[in-house]
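Participant: Sequence:
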Amino acid sequence: MSADRDAIISNLLQTLDSCSQLIESPDYRNSERAVSELVNSLDSIANSIAAEFDADESEKSAIDILGQIDQYLCLRSLNQDFVDAWAFELPKLVAKFGCVSRRCSEVAEKVICLFVHRCNPRVMFIIFYVALDSPTELFMIPGYFIPLLGGLTKVLVLIQMQIYEQVYAAVSVVLNVLKSLASKSDYEDIVCAELFYSAIGLANSIRALDDKDGHKLRALLALYILQFMALVSVGMRSAISSRIPLVIKLSDELQQCKLSYIGLITGSEVDEISKLVMEDNGNDSISCFSGVKLGASVAVIWGYMNSEVAIAAKADLTAVTLELQGNRASRWQALAMLKNVFSCANLPSALKRHAIGFVLCVMDGSASHSCDDHLDYTAYMPSLYTSLQAIKLVIMYGPDPMTQMNALSTLKKVLLDIPASQRFDILRNLVKSSDSSSMVALLLDCVREEMHMEKNDRNKCMYFWSPSVIELVEVVLRPPKGGAPALPEDNAAVLSALNFYRYLLITESTGKSNYTGILSKDHLHKAFNEWLLPLRPLVSAVAAENRNGCDRHLLYDAICALNLVELVLYRCIELVEEELKHV
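The numbering of the sequence shown is the working numbering, which starts it at 1464 and goes up by one.
Keep in mind that the hints were calculated from the coordinates and are not lab data. Everything numeric in this text was worked out from a predicted model, so none of it was measured. The beta-carbon is built from N, C-alpha and C at its ideal position, and this holds for glycine as well. Treat the hints with care, since some could be wrong.
What follows is a set of in silico ranges between Cβ atoms, one per label pair, in the way DEER data are often shown [stated by the list, open to error]:
1) L2043 with C1824: 48 to 54 Å
2) E2008 with C1824: 46 to 52 Å
3) C1824 with D1596: 40 to 46 Å
4) S1983 with A1813: 50 to 56 Å
Mimicking SDA-like on lysine to any residue, the simulated pairs with C-alpha atoms at most 20 Å apart in a straight line are [unchecked claim]:
5) K1679 with I1749
6) K1642 with L1709
7) K1895 with P1942
Construct all of the structure, not just a fragment, from the sequences and the given hints.
Facilitator: Below is the structure:
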């Protein structure tokens, strides 16, 4: 193998000499052909090394080739025309050799940086941009991009014209690289971490630039860091603890961008910087920075999880918590931001668990501190509704029972934070939009708890005790799609709806009231004939079908659940029949 490597090096040197001489000659066609042959030769070698099974031999070959290219380019006698001609092709080829190992990557970056110092910065910027934007599938790996990122970072500070436009292009292409690689799970964590650290270097270069639109440049940098934070949180497959050093560096970048935890968690600073950047770049910005709200909210949760992260961000979480507890508008804005955390399917469970803990901490102290004079509640209802929808996802799919229980407590506390005049509408919509039987059951229990509190507090307005509440029973026992509820799949929802209906009947009857209209003759006949009687044969048929099932465990659970449904159903029928005697 050593002999083969020596032959490759010898041929490479001869080709380099020949290519250099032809470029210096006036025969343009021959010089172009020579460059093309050299490119093809190096590309073939790079592909063969990438496919080599012997890692040590691959590294030796790559180091030797990169070393020879490095030495050749460092020759003082080397014609500038040759360097310029090579600049269009060599960086991408050198990056391919850098894929072999970390050491190769370091040498490749050194070679690439020679072009930064010897060639036109704006030309080199375009070359690096194209190389980053169009890798071949074989080299769609972190090791290919790290040397190119190093070159892009160094050349950026040398550009003197159209600075903002060039930075925007650089940020876009780097984020696309990170997104593409973050979606793959077959790279070693340490290699991905090196790529992410290289990408942070771009932030240092942007900060060093002096542009007349400095405020827009700072806004662009801030969006880059927030999108970066989202990618680190979602894309990396490593354990949470191993991401902390990278998150600490990003948090330091955030405070250098003058971003605060309260501005991030409420979204006010995110909206401000987004507006500055998106007014010029429109839909392209929306695509490029699609994760900045997730990045902003999860940045605060990282700080809540780890004190070193909060220190790096120069954040006082106690002050942030007190601010949210004392200001209902800010609290609701924070919930709107955190829905990005709760609804993100690929976010590590630890971050969701701590996000729930953070909201619980805020809500637990909010009652005695809240100040909401002149607050337009209705303006916040759509975002609160979608935030509660996101919390529902954690209740249903949380990583462990404790997180699910805490998420349910969070949902109830957030509901209590909403004025009763809007709370019923929110709960009704949550029930109607839920596909999960168990979730419907939990929400109906929440409605019943609200009604119980209203009934016991005579000073409260009766927002829940109204005819609208009966819709929640009907939507379960007589689904909008038509027909009967699906049993045994909807056992939990049906049982909860029947229990809720029983509660309404008993409470209205014993209290000699009829706030809900449940005791009216028309309603009693409708409930008896359309909800309860059709359910009775269905329950019996499904129970008989399940008794003939093969799985004893499933059989036992299904029969027990159906027995409960049947028991409450018959009690509801008895109560309705009794009431019909008196109307």
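Participant: Can you name, in rising order, the numbers of the hints this structure does not satisfy?
Facilitator: none
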